[in-house]
Structures are given as structure tokens and as C-alpha cells.
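Chemist: So the chains spell out like this:
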Amino acid sequence: MELLGTVVVLTIKSLIFIIGMFLGAAYLTLLERKFAGHVQQRPGPLHVGPHGFLQPIADALKVLTKEDLVPDSVDKVLFYLASLMAFVPAIMILAVVPFGDPFTIFGVEIKPYITDLNVGLLLALAFGSISIYGVIFAGWASNSKYPMIGGLRKAAVLIGYEVALGFALVGPIMMAGSFSLREIVEAQQNMWFIIPNILAFVVVIFCILAETGRTPFDVQEAEAELVGGYVTEYTGMKFGLFPLAEWYIATFVLSAITVILFFGGWNPLPLMGWLPIPAFVWFFIKVFLLFMFFLWVHWTLPRYRVDQITELAWKVMLPLALANIFIVAIWIIIFG
Amino acid sequence: MVKIKYIDRPGLTNRERVFFVDFIKGMRITLKNLLRKTVTTYYPFEKLTPPKRFRGTHAHRVKNGKEPPSFKVLEKFMDIKEGESRCVACYMCQQACPVPELFKIEAVQTPEGKKRVTRFDMNLLNCMYCGLCTEACPVDCLIMTDIYETASYHRAGTVLHLDDMARRAVDFDSRRFDEPDRIWIDDQERSKLWGQIKWS
Amino acid sequence: MQLWIDNQKLETVSERFENINIQKSENFTSIQVEKNQLIQLLKFLKEDLGFKMFIDFFCVDYPLHNPRFQGIYLLFNPDERQRVAVKCWAEGDSLPTITSLWKGAKWAEREAWDMFGVKFEGHENLVRMFLWEGYKYHPLRKDFPLRGIEDTYLPSLNLRPDEKPAHNYSPYHTVLPTMEDLERTQKARIQKKNQIVLNWGPLHPGTHGTIWFLFDMEGEYVKECDIVLGQLHRGVEKIAENLTYTQFIPYTDRMDYISALCSQVAYVNAVEKVLGVEPPEKAKYIRTMMCELQRINSHLLWLGTFALDLGALTIFLYTFREREKIMDIIEGIAGIRLNSTYIRIGGVAKDLPEGALDVITHFINDFPEKLEEYETILTTNRIWLRRNVDLGIINEEDVYSYGLTGVVARSAGVPYDIRMIQPTDAYDRVDFEVPLGRVGDCYDRYLLRMEEMRQSLNIIKQCVEKLKGMEGEKYIATDNPYVLPTLNEVFNSIESMVKDFNLRIYGEQVPEGEVYLSGENPRGELGFYINSKGEGRPYRMRIRSGAFYNLQIFTELIKGRTVADAVVLLGSLDPVVGETDR
Numbered sequence: 001m002e003l004l005g006t007v008v009v010l011t012i013k014s015l016i017f018i019i020g021m022f023l024g025a026a027y028l029t030l031l032e033r034k035f036a037g038h039v040q041q042r043p044g045p046l047h048v049g050p051h052g053f054l055q056p057i058a059d060a061l062k063v064l065t066k067e068d069l070v071p072d073s074v075d076k077v078l079f080y081l082a083s084l085m086a087f088v089p090a091i092m093i094l095a096v097v098p099f100g101d102p103f104t105i106f107g108v109e110i111k112p113y114i115t116d117l118n119v120g121l122l123l124a125l126a127f128g129s130i131s132i133y134g135v136i137f138a139g140w141a142s143n144s145k146y147p148m149i150g151g152l153r154k155a156a157v158l159i160g161y162e163v164a165l166g167f168a169l170v171g172p173i174m175m176a177g178s179f180s181l182r183e184i185v186e187a188q189q190n191m192w193f194i195i196p197n198i199l200a201f202v203v204v205i206f207c208i209l210a211e212t213g214r215t216p217f218d219v220q221e222a223e224a225e226l227v228g229g230y231v232t233e234y235t236g237m238k239f240g241l242f243p244l245a246e247w248y249i250a251t252f253v254l255s256a257i258t259v260i261l262f263f264g265g266w267n268p269l270p271l272m273g274w275l276p277i278p279a280f281v282w283f284f285i286k287v288f289l290l291f292m293f294f295l296w297v298h299w300t301l302p303r304y305r306v307d308q309i310t311e312l313a314w315k316v317m318l319p320l321a322l323a324n325i326f327i328v329a330i331w332i333i334i335f336g
Numbered sequence: 001m002v003k004i005k006y007i008d009r010p011g012l013t014n015r016e017r018v019f020f021v022d023f024i025k026g027m028r029i030t031l032k033n034l035l036r037k038t039v040t041t042y043y044p045f046e047k048l049t050p051p052k053r054f055r056g057t058h059a060h061r062v063k064n065g066k067e068p069p070s071f072k073v074l075e076k077f078m079d080i081k082e083g084e085s086r087c088v089a090c091y092m093c094q095q096a097c098p099v100p101e102l103f104k105i106e107a108v109q110t111p112e113g114k115k116r117v118t119r120f121d122m123n124l125l126n127c128m129y130c131g132l133c134t135e136a137c138p139v140d141c142l143i144m145t146d147i148y149e150t151a152s153y154h155r156a157g158t159v160l161h162l163d164d165m166a167r168r169a170v171d172f173d174s175r176r177f178d179e180p181d182r183i184w185i186d187d188q189e190r191s192k193l194w195g196q197i198k199w200s
Numbered sequence: 001m002q003l004w005i006d007n008q009k010l011e012t013v014s015e016r017f018e019n020i021n022i023q024k025s026e027n028f029t030s031i032q033v034e035k036n037q038l039i040q041l042l043k044f045l046k047e048d049l050g051f052k053m054f055i056d057f058f059c060v061d062y063p064l065h066n067p068r069f070q071g072i073y074l075l076f077n078p079d080e081r082q083r084v085a086v087k088c089w090a091e092g093d094s095l096p097t098i099t100s101l102w103k104g105a106k107w108a109e110r111e112a113w114d115m116f117g118v119k120f121e122g123h124e125n126l127v128r129m130f131l132w133e134g135y136k137y138h139p140l141r142k143d144f145p146l147r148g149i150e151d152t153y154l155p156s157l158n159l160r161p162d163e164k165p166a167h168n169y170s171p172y173h174t175v176l177p178t179m180e181d182l183e184r185t186q187k188a189r190i191q192k193k194n195q196i197v198l199n200w201g202p203l204h205p206g207t208h209g210t211i212w213f214l215f216d217m218e219g220e221y222v223k224e225c226d227i228v229l230g231q232l233h234r235g236v237e238k239i240a241e242n243l244t245y246t247q248f249i250p251y252t253d254r255m256d257y258i259s260a261l262c263s264q265v266a267y268v269n270a271v272e273k274v275l276g277v278e279p280p281e282k283a284k285y286i287r288t289m290m291c292e293l294q295r296i297n298s299h300l301l302w303l304g305t306f307a308l309d310l311g312a313l314t315i316f317l318y319t320f321r322e323r324e325k326i327m328d329i330i331e332g333i334a335g336i337r338l339n340s341t342y343i344r345i346g347g348v349a350k351d352l353p354e355g356a357l358d359v360i361t362h363f364i365n366d367f368p369e370k371l372e373e374y375e376t377i378l379t380t381n382r383i384w385l386r387r388n389v390d391l392g393i394i395n396e397e398d399v400y401s402y403g404l405t406g407v408v409a410r411s412a413g414v415p416y417d418i419r420m421i422q423p424t425d426a427y428d429r430v431d432f433e434v435p436l437g438r439v440g441d442c443y444d445r446y447l448l449r450m451e452e453m454r455q456s457l458n459i460i461k462q463c464v465e466k467l468k469g470m471e472g473e474k475y476i477a478t479d480n481p482y483v484l485p486t487l488n489e490v491f492n493s494i495e496s497m498v499k500d501f502n503l504r505i506y507g508e509q510v511p512e513g514e515v516y517l518s519g520e521n522p523r524g525e526l527g528f529y530i531n532s533k534g535e536g537r538p539y540r541m542r543i544r545s546g547a548f549y550n551l552q553i554f555t556e557l558i559k560g561r562t563v564a565d566a567v568v569l570l571g572s573l574d575p576v577v578g579e580t581d582r
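Listed in order, the protein sequences are those of chains F, U and V.
In case it helps, the working numbering puts the first sequence at residues 1 to 336.
In case it helps, the working numbering puts the second sequence at residues 1 to 200.
In case it helps, the working numbering puts the third sequence at residues 1 to 582.
The following block holds chain F by itself, in its conformation from the complex:
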């Protein structure tokens, strides 16, 4: 009976998370378009609803009702699988991301996370990498030259940044002594992990930009070189899932993990703990700011070449991540 209860609660919770993330991602598109618009001195979406507020819904309807073209020569199974491969793992990372401490409403204890695994961080990393397979599959399955180059570029970039990312995450783990994201947050109540881990933070920012394919690392799409890269042959919602997964859901979820690792999760900002703001609001404020930072970078910088990214990953980011481990080790020895 208890098991059944857990299953029901978990199912409801997962549904809330997934639907919430869907709607959230839809409105993140609006946020990005508005931000990009105003950065470029234009207003962005304006006419569907007040200040374009209903634009994401119009977009979704448009993408869903578009004719779904599948070219003759594609590998059908992989072609369909690819868009799911990109999308599902990105949203599955949510399973291990905690949004706050457990709290009690009307006598019921509510945990604002799906599960608190003791290897949560590893799982998040693993899902993040699987999501990239979607891109590589899409490139290969399309049976076309531009998508294939796009997919191969992504594969090359993946190998570079994954190693650095793995090493960069060692620092916070060492300081917290746990892989559980909740425990990492709890370990930061007095001091955020950004302080000794600043190098790791730089590496992680690099890796998130590379993983989500945002400028300056959007080599797999690079519309000026490869038309649309791996999505060239896709249409309709199959096409829509890729940017939704990569640019919005993955960016958002990875921002959340970065906040947990380096910015104290749902702990309030220093000296502002007295404000009557719930923990998860703090968390969302931080995630939102980090997400805006990614947008800001995206709409400012030009793009690297693919060999320059791998060069950067191996020659700069990997040594930085290793140096970070060294620094953190010394820090732990000195300050306990």
C-alpha cells in the first residue's frame, strides 16, 4: 500500500515537473526573443496577446500543425529516435534536481524534488551526455551532407568538453563530500563553493555553452556555414524539439545544477537571509539570472571554429579543471 502511494505521488510530481518544464521552456523562448529583441533595439514579439505574451502558444500550435516531412533517403528509425533522444534525457535530468528544502503545507510534507539520489550529480552528467547522442543521430540519420558535418562537429566537441566538465565538478564534490545535490546545497550554508572553485566555474560555464550549443560554441548549427547543421532535414515538431531541448530545457536545467554547485542552491544571498522569501524563490532567482547570463553571452559573441573549441577544451579548460582540484585540495587542508 505504501509503495502504491509512493508511486502515485511520484507520478503526480513527475507530471507536474514535466508539464511545468514544458510550459517554462515555452516561455523561455519568449524570454529569449524579447531579450534578443531589446538588445537589438527592436521590441521582439508584440502582437499575439499583450506584448506578445501568447506568442509561445501560437508558435507551439504552428509547429504542431505543420506538415511533417520525412525525406525518402533517411534512416527512419534513427531519424525519429533522434529528436526524442535529444529531448527526453534533457528533461530527465530534472529527476535529480532539487528545488528547495522539504516544507510543510496543511500538515503534508512536500519535497520539491523527485528523488534525492546519492549519485545525483553523476546521473545528471550522464543524461546530459546522452542528450548529445540525439544530435549525432540526427546528423547521421538525415543521410545528407550538412547534417552529417553538424553531427560530427558536435561529436568532436563532446569529447573535448565532457572530460573537462567531469574534472571541474570534482571540486564542489570534494568540498561537500557527497554526490547528492541536496547535500551539496546544505554544505554551502556558510560559504558558496564559488569561492575556492572559481576556475571550475569558468570551466563549467564553457561546458554548458558547448553542451547546449549556444554561441560562441554553436558550431553544430552554424547557419552561415551549414544551413541549419543537424536539423537541416527536420520539419514540424521534430524540428521544434531540438532547440527546445538544447537551448531552453538543457540550458535551464544545467543552470540549476550550476547554481546548486557554486551559488549555494536555495540558500539566500549573503546578508539577505532576513527577507521573507521562500527558499525555492531564491533558487529560481539565481537560476533565472544565470540563464539570462547565457542569453547575454549568446547575443554578444561571435562563434569559434570547431577545432578551436576542441583545442580550447583540451589545452585550456582541462588544465584549469585539474588546477582547480589542486587548489580545492589545499583549501580543504588549510580550512578543514
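No lab work stands behind these hints: they were computed from the structure.
Certain hints may be false.
[Stated by the list, open to error] Covered stretches of chain F, going by a simulated chain V footprint (3 or more residues, C-beta under 8 Å):
| no. | stretch |
| --- | --- |
| 1 | 35-42 |
| 2 | 215-227 |
| 3 | 305-315 |
Ideal placement from N, C-alpha and C gives every residue a C-beta, glycine not left out.
Guided by the hints, dock chains U and V onto chain F, whose structure is given.
Modeler: What follows is chains U and V alone, placed relative to chain F:
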């Protein structure tokens, strides 16, 4: 005087490289622009008025008492009533046009021995809007208006005819004939993009 | 100012070679030579007399003469700033190739084969330049009709059966290439030797128009490259032979549509030269000012698209914001934003309107700040540096061999700027600096164009000052018999009307002769060769396009680089398809 100068190649110092000074500077610019006002015109809800010299679709000025002296000379050979197109069928517009086949001009002799223009078609699909025809018109008849929305569902819809050309010119002149020859007249609307201009 | 070869050199040539015929005139100096001596003469000119820069090669068709075609080579001596033309009759409809002397002749010879059917002995790959393999005609021959041979039935898709759209509608068109033709064209250009042949274009966001690149690639590295041009080929040179000189002005806009005013000025200057018309002082300053506005406009478009190609999306909108202002200015003065048709033989079409100088003053005060913003985002950005520095290095030898002009030549340190070596209009009365690069890579070309925008601003400032004191002066030299009268004169005087009728109907009766004159387009030297037989229309008009020759070196520079570098290289060479294809 013309001088030759070699360009310096600015580089990035190591300190700038380590602290991402180049990125921060660039991102400051985008932030600065984020705080500026938008400069766009919300077409089709807002429209800028084209300058008077704008070369839109063609029109025929009508006989309305404001004709130049050259028309007075030619008028006596023509059968033109008040309010009708001033065209004297001299074919100069067609002569001046780089794509002359876009014109189809026909005139007949009336029983009184006068000339009457019966057809003046312009196929604007072939038109470059270069304005050479309006410069060739000796009686100030063929002009170019400020109408620029010319989309049509069929090819036939882009052909101008004698009567609608006269109507357009009446409309155009009633709006803009007395306007001074100024670079533009809607300073208010354009200030969104331009800011405040100091007029002399 | 004339730049033709001096008498001393001509004497050296005539001492050395027999059977040559030197034609010397004010606007054009040519050496006619027998076919068997052509290579020796060109070699002599290149190596001993310093005419080492290749400018242009083209043919002229004389249907009644035997041999029928005459090839004309234009060379330039960069040290002493002299030009020379070499003429040679193509006996047996063929000429020896000069690609061993100047690599830049490769495409020019292909174009001559395409347009005239003149063969070149020893050419490495003599295929068509603009048209497709399997096309039967050579369209620039005099016996080819202007409208082409309309034998393909292609009715309008949205046409009702009973409807006749317009009096000049015809469902018959000239022949179109089939898929097989295109495949043959592709095979003729490049043979697959490596992993894949990538068709980069003709419709591709990175190619700035409709250029069809063929990359034979090993992984992502390009090993062989060729370019298929012609998607925008409209036969402008053929059209010119059938129009009066004034009627051709709108077509010059449509070649390099991004810098229409510069093209108009270059063309009108050449016509004025051969007609002997001198425009009034005010017109000269207006032309110079408009040219420089157009140059800024063109460079802004280049900067925006270049940054867009490199992934910096926002710069594109920033440059278009400023470009929109220039468009507003041009629209207010000329009447149309892009293809303005503002310059006329003998002056400009209309006087500056009220308030124009105020608006331009506002722009030149406002623009430096914006230029500073672009530079802050890009110039020292590490990504920008890594993508641009040491990519596509061009040296002085390449410049002469390929006939590179404009910014591409100046980036290699060659001070070749037509505004400086042969100033037309008011360029000899304004102060400006010609920026030169030291390395010749993409970064230098970027810096040069940014600096040119500043210099243009400087020139505009001087012109505005000058024009402020010229209010009410004449803007077109209508007292010259070759210049069309203004509307006001036609309305009020019968003589003007008759003159207007004559010039419109018969065209400007240009005296017999030849002229080559060029202008400094934002994309390089835009030269006009006009061969007049004393009629109202040119017998042959050759347009020497800067972008056409600049694009040619792309195939060499891209070898061994990736596709990602191709966009940078192409962006920094900055071709406009309207001008490469004409």
C-alpha cells in the same frame, strides 16, 4: 591631399585575456543597447510618409489649370476635357524607358481632327522605377506617386490603365502638391530612429 | 588625369617588335599585335616595362571583319601608374592563353569563351563561366538577338486560361538548364578525388547571394574548390549595346546593388570622358558625397553580414540601424533607397532637397560613436581574432597576378586606390587617407574597411562644408549639347524640348573612339570600357568588375582550410553576385 597610412593591428594583452576584458567590454555594449529605446516602425500599423521625391507607382496628372506652358502649346491639337489625363501621346516616356515594351500607348483621331489618347497601359512588373519616363514627359503629365504597396494576386493587377492613373494623380496632388521639396516631412515619426535633428 | 602609357615606353615597344600598330588617343592607348607575337609582347610589357598588374581581358565582336574577334588586354604599371591596352585579332577564333603570365586571366578567358566562343590554346579547363554546359549559343556575339531565342513554353503558374495579364506578356521564354545540364556543369568544374563533394550554394545563407561553390572535401577540410557563377547573370553588357547611354544608368545600379551610386558615378564618368562633358562644381561635390555615403552603407552591410557569418548576430542589427539612416538620406535625395538612379550625364538628376545637409550633418556627428561600439565588440575580441588572424593571406604578387583591387589589394600593402591614382569628381580636392594593411589576412581587411568608413565620414564632412556655400548653383550642365535638359527647361522653352526629344530618341551621339575609365567601388575597381562607333549606343561595353576578379583568388585561399573558414574568407573578399555575374 591623399595620404597613405598603414593600419595598426590591435592585439589582446595577457591581463585582458585572463580577466575576459574583451568579453566584458562587448557585453557592456549589448547591455547599453538593451537600455536604449527601440527604433523600429511597426509596419503595417505605423507607416512612414515617403519623401516627396519618392518614386512609387506612376500616375497621370489631369488637366486642372496648373499645366506648364508646354502643355498650352500642344493642347490645341488635343481633345482633352477638364479633369482628364494631360497625356498628349508624344511617346517620349516610351522612348526614354530602358524597357520600352512595358508601355502600350494608343491614340485616335477624333472627327474634329484632334488627337485623343485611348489607351495608356504600363506593366509595372517590368518597371525598374528608375524615373526616366517622368523626366521625359514634356507636359508634366506622367509622375511618380508615393504609393508603394503594389502587391496583387494576379499579373493583370499590376498593369496600370489610363483612368486609374489619372485618379491616383488627383489623390496624390491633393495630398502632396503644395509640399516643399524637403528631404522628409514626418520628422516626428522618424525621430524614433534618428533622434532630434538640428534643422537650420 | 590620364594614366596611359608614355611615348618613351611606346618607342621601346615599337623598336623591339615589328608589325605592331600603336593607336594613341586621349582616352585610350593600345598596341595592336599579331597573334604569334602576343605572348612575347605581354611578357615584355610585364617583365621589362613594369606592367605587372593584370586589369582585364575581354573580346570585341566585329562580324564583318576576318578574323572576327578581337581580344583586348588591359595592363597596369603600379610603380609609374600607367595603363596600356594590347589588342590582338583571334585568328581561327582562338588565342593563346596567358594564364601562365597572370593567373587572373583564367576566369576572364573562360568568360570570353562563354560569351563569344573564342577558344584559348593551353587553358587548363576551358569551360563556360556563367552559362551552363550544353548551352548552344554565345550570347555576346552580335548575331545573337537581345531577347535571346524564346523557344521554351513556360506559362505563368497563377494565370487563368482566359486571362491575358499584360500587353507584353508571352508564355515563351529563353531556354533553361535542366537537372542533367547542371550535373554536367558540376562535373566539368570539379572531379571528386576525396571524401565528399559539398555543394555550397547556390542557395545558401553563407554565400551572400547565389554563388555555387563546389568543395571537394577530406573530412571538413577543403582540398579542391571551384565556383560556378552565373545564377544572377543578366547579360548587362549585351543590354548596354542596345540602349542609349542615359538609359543604361539604371542598369549600373543593378550590378552592384549594394553600392549603386558608386557604380553610377563610375559609369557616368566614363561616358562624360568620351563625350567631353564637364559637370558643374556642385554636381561633383554631390557625387563625391553620395559615393562616400554609399561606401559607408556598403561597408556596414558587409560588416553586418560578416559578423553574422561568424555568429555575432547582434552586430547585424546594429549595422542595419545605421544603414537605415543612410537609406533614409538616399531616399530623401534620390527618391529610392537602393537602386537610386540619381547620377546623370553632366551632373545629378535633382538638386539637394531642403534639409538634406542638416540630416547628413546629424549623421556624421552621430555615427563615430556607433562605429566605436562595433569596434569594441569585435576588434579585440579573442574569438574574432582567432577566426580572422592569419587566415587567407594575400601577398603583393597575388594582387598583381590575379588583378585584385579595392580593399583586398590594399590589405596586402598595395596602394591601389582609384580615388588616389586617378581622381574623378571632387576627390582631388578633399583630404583623406588610404589605409593599407601589412599582413594581408582577413583581419587586415576587416580593419581596413573599418578605417575606410572613418575616412569616408571625413570626406563627407568636407563635402558638406563645401556644399553649404553652394546653395542655388547649377547641378547639371544643361548648356552642353549632350546633356538632357531639366524638366523645368522643357516646360518653358521649345528649344529644350526639341533637344530633349532628340537625345531621348537618338541617344547621345558619342564620337567614335574608345575609353577605359574606372571608379573605386567599395568592392574594388569598377571599370567601364566603352567602344563607340559614333552612334547613340555603345558598340561594345565591357564592365570590369572588381568583385569578379577578387572572388577568383578564393579557390586558392580555401585549399587546406575548413568550411568554417570559407565563410570568413568569402566575407572578407566581399563579392556581390550582381557584380560578379553582371
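Chemist: Are the hints correct? Go through all of them and say.
Modeler: Hints, verified against the model:
Only residues whose beta carbon comes within less than 8 Å of a beta carbon in chain V count, and the stretch 35-42 of chain F has 5; three or more means the coverage holds. Only residues whose C-beta sits within less than 8 Å of a C-beta in chain V count toward coverage, and the stretch 215-227 of chain F has 10 of them, enough to reach three; the restraint holds. Only when three residues or more bring their CB closer than 8 Å to a CB of chain V does the claim for the stretch 305-315 of chain F stand; here the count is 4, and the claim holds.
The structure is consistent with each of the numbered hints, conforming to all of them.
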